[in-house]
Amino acid sequence: MKNQESMTMESSKNQKGAGSGEGKLARCLLIGISVLFLLIMLVFPLVEVIYRSLKEGLKMYGDALTAPNTLSALGVTLIAAVIALAVNTFFGLCAAWLITKFDFRGRQLLSTLIDIPFSISPVIAGLAFIMTFGRMGWAKPLIDGVNDLFGTDISLVFSVPGVVLATIFVTFPFVSRELIPVMQAQGSAEEEAAAMMGAKGLTIFRRVTFPHIKWALLYGMILCAARALGEFGAVYAVSKARGKTFTLPLEIDALYMAGSADSITQAFAVSSLLVIMAIIILILKQIVEYRGKREQ
Amino acid sequence: MYVEMKHINKNFGDYEAAKDINFGVEQGRMVALLGPSGSGKTTILRMIAGLERQDSGDVVIEGKVVNDIAARDRGIGFVFQNYALFRYMTVYENVAFGLRVQKEEKQKIHSRVTELINLVGLEGMEKRYPDQLSGGQRQRVAFARALAPNPQLLLLDEPFAAIDAKVRKELRGWLKEMIAKVGITSIFVTHDQDEAVEVADDIIIINEGRLEQMGSPMEIYKKPKTSFVAQFIGTSAVLDDFSGFKGFEDLPKGKQAIVRPEFVEAFKSDNEKFKSLMHATETGVIKDIAFRGSYQELTLEVNGILLSTNRSLERRPVRVGEQMCVLVYRVYILDETDAEIHKNQLLKGVDIEAL
Amino acid sequence: MKTKNRLKKGIALGMSMVLLMGAVTGCGSDKGKDKEESDTVTITNVSYDPTRELYEQYNKIFKDYYKEKTGKMIEITQSHGGSGSQARSVVEGNEADVVTLALAHDITLIEEAGMIEKGWLSEFEGNSSPYTSTITFLVRKGNEKGIKDWDDLVKDGVEIITPDPKSSGGACWNFLAAWYYADKKFGGDEAKIKEFMAKLYKNVLVMDSGARGATTTFVENGEGDVLIAWENEALLSVKEHPDDYEMVTPSISIKAEPSVAIVDENADKNGTQEAAKEYLNYLYSDDAQKLAGQNFYRPSNQKILETFSDTFDLSVDMCTIDDFGGWDQAYKDYFQDDAIFDEIYNQ
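Protein chains in written order, with the working numbering: chain A, 1 to 296; chain B, 297 to 651; chain C, 652 to 998.
A hint or two may mislead.
Claimed, not checked - Straight-line distance between alpha carbons at most 25 Å, and here's what the computed SDA-like set of lysine to any residue pairs gives: (1) K845/C with E810/C; (2) K101/A with I405/B; (3) K718/C with E192/A; (4) K928/C with M131/A; (5) K792/C with G765/C; (6) K920/C with K792/C; (7) K315/B with G511/B; (8) K200/A with K315/B; (9) K549/B with K644/B; (10) K101/A with Y384/B; (11) K423/B with P211/A; (12) K140/A with V855/C; (13) K402/B with M385/B; (14) K711/C with K285/A; (15) K890/C with D103/A; (16) K360/B with S260/A; (17) K200/A with R368/B; (18) K200/A with Q448/B; (19) K101/A with G511/B; (20) K315/B with D103/A; (21) K214/A with M385/B; (22) K423/B with A458/B; (23) K200/A with Y388/B; (24) K55/A with G873/C; (25) K920/C with E192/A; (26) K200/A with K549/B; (27) K101/A with K644/B.
In case anyone wonders, no lab produced these hints; they're calculated from the structure.
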């Protein structure tokens, strides 16, 4: 009798699961390892950046942030990020719409093509741009033709448009990748119902589709923005002019390469700008996720 | 004819969803498209709505060929199988949607929506969201929503498929009443015969993309035109040769016979009512008794063949293995395309209905 | 409904604000790029890796000079990187009005692409080299590994930092200086020279794409025992961190001649031929030559060079590129694909 009792007691203890004994130890260990990993790989380096940037005093920090090269780089970064965001949101929506609502011959191909920027190294993307749109590129005559037609002097490499294009390319998939699963799960019944009641495409999108995809869209946009701000490889290949076409990451690299103790501190100061932007984006992302979950 | 389908054909790759479909629905009538799963009935409905486009043939509404008119412009109300209510809108907004799209005035919208919500019995639910409603309530919202923009034609795709049995029965009655009240021409798709029989004025039976028969429920039931229809309605036994049975010796050989439960009567040998007909009976043994809620379905082995019959619960209890006297009134005889009634010759002169 | 509208408006507002900010800050420092009649001329100087500080200072004094001489404002956009990479980027569309690269051969590359008129080498004095340099070693203070000459670099356990000749001009000069030493040591025995070079490159820990990158690796990142560097890089590092580094001059080195040229195709298109010529010419002025010396580049002006005798060791035994038959020959022999460098490095 006693054996039976103690056996059932033990089994119920185990059944209580994660709250007791071995389960608890494993859980603590996993959490501990994750926290340690994050601290070492993420938190400490970031704190170090902020510390080093402020070490020489606030005046130096302020000077570094207001230097003409820094302001120019900030401008280019913001322009590239905002344009990339706008373009990729629009085309991401279109692509997701096409892929999930219609059945056509090249559908799978289109879906795969969209993912290409994810699979290539950004540096290769940048080099490919140069080979296509550069002075020796095969598209150069086309660009010259357009320039002649409009009397403009636009170049697509080693210029701000080139930086913008490179940024658009590497951040393209983010929006559509977030949207496609949501739109696929949604199905088309609601849209058909709206159509039956006389609604046209845009109305259907606005009133039926959009509320479904709102949070996924925002999330994709945030990821796109974050990536655009931090892009280095592709932009590095197509941007060589400091104070003109450099983005913040490139400017930081230039400051670091300048080698003097002062410029290193400046490098950290400008880095702290990016860190701050990253934190803002993280907070936004949390808010979006939270609001999204709440609405479900 | 208010709605007509003329020589409609539709293929999805190899799958033939509709083969030369021709029918017409008069104004104000309620018609059921009945058939097994995959028979193409939903495709036909969607072609009327404009959600699918036929490969050939014409869809005619109110005398006008609407082939090239988009679904949104056909002025048709559609109730989807899973209601497809707008998840992010309230009941009120759902019902008001069609009117808002038509850019009606706010006052008009309000009065019409209120009218419909009252019609379907959902007063007080206006501010609720679809996920706060039961299946039956959602169906009623879908119905109200479809009716709000005053369509001339109402199409319903298996409207009760997603509802539990008890509620289904109530809703069926409610739907029939509503549609009669509103007086709108309606076509609905179902695979449930009881539903079709109960709700519709006319039934169109579809099988493998072909129209088997169109007629009133009684016609379909009593005078099936094809073997499929004869087999489809009710639980029938299909036999290759029934001429071995008493009273059916004159049946043409080589043709299939269909025996419906209603054509079969099983009674105990000491039954008073049927005493005069004993000469026409065969002997059968009860193999299975199934309880069907309000009656029993008996499966009897007669002359080596299994026949079903329904037995009222008011009668004396029976058990498996018991010997019964089995009387078969009539059978359907099948051709490739036609079905004929053949009466039990031994019952000539007897008025079965009067018994 | 209300939250959705507010959210949409918020996003739209936010994005337009950011875009506006970007445009303002970005365009703020983008004055005078238009070719319309404004008072500001803009030229782009594509240079090699270590010259960042030199041109930062030179551009300041040149701006003043140009304003005084012509009354116009001039803006100079700088680009820095490994000399070879920079040359290639010009060919691919990097719009340089002038190039100030590490060796004549990189400029020849641009000439061969049709962007520079022939005879550029003699357009400016001293074979278009306003300043020269040489190759030395930078070691950590105390010189624990006792590195005095090229021989010490091939000892076991010595970790070398030197850049990649495929992209860096300085790396090519490094290679040739080492080769010259080995040549003298082994009396021209090519097999032994190659063995020596192979041992040297085996000791290389990190190969950056540019001379400045190599310096950063050695100084900031603390890698390696010795940096084979431009003399100007080594002197700059010692100046910045006198307690941490010292420079060692090897017994034999090479006279490294970085060259400058106008990129005619771009200068003609941008209408900046005049300004570009002034820009490069002024490098030879006394003020500019003094500036070069202060930045540890050996002025080509002999008289001014003598005034820097404390800074530079003027008695180093230096060979020149002519000892290798000129750059075209040297490049073909050593740095082309599958030439001697590839042979040695891939052993």
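**Prompt:** Given the proposed pairing of K920/C with E192/A, does the C-alpha separation stay at or below 25 Å?
**Reply:** violated (58 Å)
**Message:** Check the hint pairing K315/B with D103/A against an upper bound of 25 Å on the C-alpha distance.
**Reply:** holds (24 Å)
**Asked** Are the Cα atoms of K845/C and E810/C separated by 25 Å or less?
**Response** holds (19 Å)
**Asked** Has the given pair, K890/C with D103/A, been kept, meaning a C-alpha gap of at most 25 Å?
**Response** violated (69 Å)
**Asked** Between K200/A and K315/B, does the CA-CA distance stay at or below 25 Å?
**Response** With Cα atoms ~31 Å apart, K200/A and K315/B exceed 25 Å; violated.
**Asked** Taking 25 Å as the top limit, are the C-alpha atoms of K214/A and M385/B close enough?
**Response** Judged against 25 Å, a Cα distance of about 14 Å means the pair holds.
**Message:** So if I understand the rule, the pair passes when the alpha-carbon distance is 25 Å or less; does K711/C with K285/A pass?
**Reply:** violated (45 Å)
**Prompt:** Regarding the pair K423/B and P211/A, is the alpha-carbon distance no greater than 25 Å?
**Reply:** Roughly 17 Å between the alpha carbons, so the hint for K423/B and P211/A holds.
**Prompt:** Does K140/A pair with V855/C here, judged by a C-alpha cut-off of 25 Å?
**Reply:** violated (40 Å)
**Pair hint outcome, K549/B versus K644/B [Cα-Cα no greater than 25 Å]** = This hinted pair holds, its Cα atoms lying about 21 Å apart.
**Item:** Satisfaction of hint between Y384/B and K101/A, Cα-Cα up to 25 Å
**Value:** holds (19 Å)
**Request:** Below or equal to 25 Å on CA atoms is what counts here, so check K200/A against K549/B.
**Result:** Since the Cα atoms of K200/A and K549/B sit roughly 62 Å apart, the hinted pair is violated (cutoff 25 Å).
Hint compliance for this structure: hints 2, 3, 4, 5, 6, 8, 12, 14, 15, 16, 19, 25, 26 and 27 are not met, and every other hint is.
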